[in-house]
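Participant: For the protein sequence lines, the chains are A and B, in the order given. Residue numbers for the first sequence, in this note's numbering: 1 to 211. Residue numbers for the second sequence, in this note's numbering: 1 to 209.
Each hint can be trusted.
Straight-line alpha carbon distances no greater than 20 Å define the calculated EDC-like cross-link-like pairs of lysine to aspartate or glutamate that follow:
{"no.": "1", "chain 1": "A", "residue 1": "Lys-179", "chain 2": "B", "residue 2": "Asp-39"}
{"no.": "2", "chain 1": "A", "residue 1": "Lys-101", "chain 2": "B", "residue 2": "Asp-186"}
{"no.": "3", "chain 1": "A", "residue 1": "Lys-68", "chain 2": "A", "residue 2": "Asp-203"}
Per the computed footprint, the stretches of chain B lying under chain A, defined by three or more beta-carbons under 8 Å from a beta-carbon of chain A, are:
{"no.": "4", "segment": "35 to 44"}
{"no.": "5", "segment": "84 to 94"}
{"no.": "6", "segment": "113 to 122"}
{"no.": "7", "segment": "125 to 136"}
{"no.": "8", "segment": "146 to 158"}
Note that these hints are calculated values from the structure, not bench results. From the three backbone atoms N, C-alpha and C, an ideal C-beta is built for every residue, glycine too.
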Amino acid sequence: MSARKELSRALRNPWLRAAALLAVLAVMVTAMLGGFNKATATTGASQVHTYPAGAIVDSGAMRITALKAWRSLRGPEGNADPYTPVQYLVLQVRVDNRTGKSNSAYGNLQADLVWLSRKDGRLQEVKADRFQRADDHTLVDLLHPGMPTIVDMVWKLPIEAELPATSEWGVVRREFSPKATFFGASGWVQGRAAAKLALAVEDRRANVIAP
Amino acid sequence: MSVLDPIPLRRRRWWGWREWLLLLGALVLIVLLRKGQPDYDARVAPLLVHGHGLDRIEGRNFAIDVKGFKVAGAYLVAGDFSHPQPRQLKSSGVWLSVVGTLEALEKPGIISARLQTRDGLFYDTSGSGRPKLDGVNLTDRFVAPGLPESGAYFFELPPDKLQGAHLQVYWGNLTPGLMDSLVDIDLGIDAARARALLDEAEPVLDLRK
Numbered sequence: 001m002s003a004r005k006e007l008s009r010a011l012r013n014p015w016l017r018a019a020a021l022l023a024v025l026a027v028m029v030t031a032m033l034g035g036f037n038k039a040t041a042t043t044g045a046s047q048v049h050t051y052p053a054g055a056i057v058d059s060g061a062m063r064i065t066a067l068k069a070w071r072s073l074r075g076p077e078g079n080a081d082p083y084t085p086v087q088y089l090v091l092q093v094r095v096d097n098r099t100g101k102s103n104s105a106y107g108n109l110q111a112d113l114v115w116l117s118r119k120d121g122r123l124q125e126v127k128a129d130r131f132q133r134a135d136d137h138t139l140v141d142l143l144h145p146g147m148p149t150i151v152d153m154v155w156k157l158p159i160e161a162e163l164p165a166t167s168e169w170g171v172v173r174r175e176f177s178p179k180a181t182f183f184g185a186s187g188w189v190q191g192r193a194a195a196k197l198a199l200a201v202e203d204r205r206a207n208v209i210a211p
Numbered sequence: 001m002s003v004l005d006p007i008p009l010r011r012r013r014w015w016g017w018r019e020w021l022l023l024l025g026a027l028v029l030i031v032l033l034r035k036g037q038p039d040y041d042a043r044v045a046p047l048l049v050h051g052h053g054l055d056r057i058e059g060r061n062f063a064i065d066v067k068g069f070k071v072a073g074a075y076l077v078a079g080d081f082s083h084p085q086p087r088q089l090k091s092s093g094v095w096l097s098v099v100g101t102l103e104a105l106e107k108p109g110i111i112s113a114r115l116q117t118r119d120g121l122f123y124d125t126s127g128s129g130r131p132k133l134d135g136v137n138l139t140d141r142f143v144a145p146g147l148p149e150s151g152a153y154f155f156e157l158p159p160d161k162l163q164g165a166h167l168q169v170y171w172g173n174l175t176p177g178l179m180d181s182l183v184d185i186d187l188g189i190d191a192a193r194a195r196a197l198l199d200e201a202e203p204v205l206d207l208r209k
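Excised from the complex, chain B in its bound form (with noise of 0.2 Å):
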């Protein structure tokens, strides 16, 4: 072949193994991407605002203020019109009352409950009939701007989730809002206080004075 020849071009095939290899590694990618994505429960998860103690927390539109906690055996309450004589109210576990005021900072709701114990379970709070506590019971209490709310919320749990327990509040009556605040207050329940608490509980408290 002599230099003036024209030298032949050589084409190009137009998907060779470097595309392949680009493919391969973008699939990769996507699937390293998808797997890293948060899931929707992580995306939505509400806004924790931590606290300790008994102390005043403020989330969005809510504050509440712990005043104190005390566990008791069974409750003793008055009886009703379809059952007049007192009621004993038994539990599988125990009781457990925390004590404290609630103020609606903006607009008028319900502020709700539960305690989340140190292995991740939730308890919420016992209904607003168990125990029938008007101005007592906080569950379902409408809250309004200006006028704070005093009173306790009930929980029944097992005995040994009490140590670690962590009172979770927040604004609503059904569960935590998304991406709304969760006011996450550690009760500071080591298992001294826990064993405290249990050895002064009272087997039947009773709630009608």
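Just chain A, with the same shape it has in the complex (with noise of 0.2 Å):
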């Protein structure tokens, strides 16, 4: 049989037209629902509001204000490193708990505001070194449902690194699943970018005495 005949034979057929139709119908579908546009963005982090000082910035597991931020060479406790001198970047937020149990900072806090460290042009994450209480500077460990609590987020850098006078931190959302893990275990999971902070950063590096 010659191909032409093959041809003729195969458009003939109608679970082959049904086919062919329905492939047109689904390439139409998504050229209306705009899936052949250009794509503006890998991450979808463009789309993520700034929010200055002050702003309350809800994350689902978090309600966080970004308060004051400031570089150092001393903790916000007021103390060096004898060893190998740092300087300090310091992030002072208000972090009130919005689920039903205690969490751990460092289960939570520490991987959902993370500061946007610019490094040859990329935007890298960098978690903070440790939290303390604002009020005694002890560290913090829980953060309990419903007691707002003071946090200088602290990132330790080597003593020349070089700042930009604003910083950027980025917020990520966290929300409730009835299903968070394989055996169906409730819990709280990790989503995309919320929003980002940028704040001005104070240089308090000539302060000798106290941050």
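Once you've looked at the hints, go ahead and assemble the two chains, each given alone in its own frame, into the complex.
Facilitator: Printed below as a string of structure tokens:
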């Protein structure tokens, strides 16, 4: 059988006609829904709103208010590292745990509020090295529900590190899922970027006695 | 048609309205059963052992004897190597210390506690370093059979959550074990008792003594 005959037979096949019609419809629907438009961003981060100091950001599991930021040669408690001098970048935030139970600061706040460091033109997410209560400077282990706490988030940087006058931090969403694990146990699951915080970083490196 | 003519056999269709009805009924039953099925959290929930007031309560492999509790605004503790001066531990709410004795009944391990408030919130004990009181803070204390450990669990919670608070005690140092016993003690704090606890609370309780 010649190829021409084979083609004409295939064109008369009702199943093949239906499949071709479906394919054309799928392409049309995809085009109508914008599936062939050029993607604007790979991560969606460009659509994330940027908030200034004092604004309340809801991440789902936490309500975060960035209060101020500074850099210093001493930690928030006023101590400098006696062995390897470093500079400290500190972001002071008010954190309100909105889940129904105490949460580990290291499991949640550290993962959900990151410093956006710019290196070679690219943004990098950097987790805080430690958390201290602003009132008594003790380390924060737990964030309790219904007890807003002012926390100094501390990043230790090389002493010669240069920082822009304004720094950015990223907040990631965390939502409750009734089936968060493979077995179906409930839990709070980290989601996509929720917001950016942009704060002027006060330079306190000249302060010798206290930050 | 004569009576001698054979009656034509009426063949029933293999799939008729009865089958559709049965299928629909089965589907409805499946959906209803699935909806009524307990979720994973409910299936593996800990087994509650109820207690009330100051008493000794046993769970699987452990027992707790609650002796009393006290509220304070802040704690004053001795300094340490990194901070030699006395230190005040502040809280966004109040401190509640629950004094008692822990016993391991069969094997050694850690016995943890949390508070459940009347509106269902859970407050874990403040860590073993807050306040850092060796021999007193029961959080993460290792308990061996035959060697009861006395001390206190320390909690931070909003003052309005004191009323109706339950102390929950369990084996291990993470969360209550799946299908393991969870001792739930109603501390007996009614509105009047909560008010009295707050009135008696010292703004800064010195724990250095």
